[in-house]
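*Asks:* Position 163, counted from 1, in the sequence shown is what my numbering calls 163; the numbers after and before it change by one each time, with no gaps.
The hints are simulated quantities; they were obtained by calculation from the structure and are not laboratory data. These numbers come from a predicted model, not from an experiment. Ideal Cβ positions, reconstructed from N, Cα and C, are used throughout, including at glycine. Certain hints may be false.
Unchecked claim - Have a look at the derived ranges for each label pair, beta carbon to beta carbon: (1) Asp81 with Pro49: 30 to 36 Å; (2) Ala45 with Gly84: 44 to 50 Å; (3) Pro113 with Gly15: 42 to 48 Å.
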Amino acid sequence: MVSDTSPNLFLVRPGFGRLALWLALCLGGGIAIGLFFPPDAWFRALEHPPFAPPDWVFAPVWSALYGMMAIAMWRVERSRDPDGVRAARNSFLGQLGVNFLWTPVFFGMHAIPVALGVIVALWFGIGITVVLFHRQDRFAAYLLLPYWAWVSFATALNAVYFYLN
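With the hints as extra help, turn the sequences into a complete structure.
*Replies:* In structure tokens form, the structure reads like this:
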């Protein structure tokens, strides 16, 4: 029987090229979605909660959060538990997809109640991801906590937009 000597990409500890890939996915995806679905006249016409931050706050906050998310995923991939890494990566990609879905639903479709459902699902997805990351790399899980906190705030904000409008 011929043995397979090719490296298993899931067992190789990823270097900085892999970090660049995660940064490109997280930051690039966030930037692209923000450019395609910016706040528009519909959003400006809504009744805003008194605790809503100004629009300019969101880009730097999300940039920092996406950067921390990418670093966290990269750290998890450096773990030596391929099954744990696979589960954590799948959870991360799932919640990232839900994250990227919220903006088109809220700003593109103007569907505030649907967006609220999306962000609640995101909140739970982040929680699952934090648990799975913690099993691989505690610091990686800690890097996701500001993201989870921000999404908690954004969930409250979305709920109040729904109530007011």
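*Asks:* Tell me the numbers of any earlier hints that the structure contravenes, in ascending order.
*Replies:* 1
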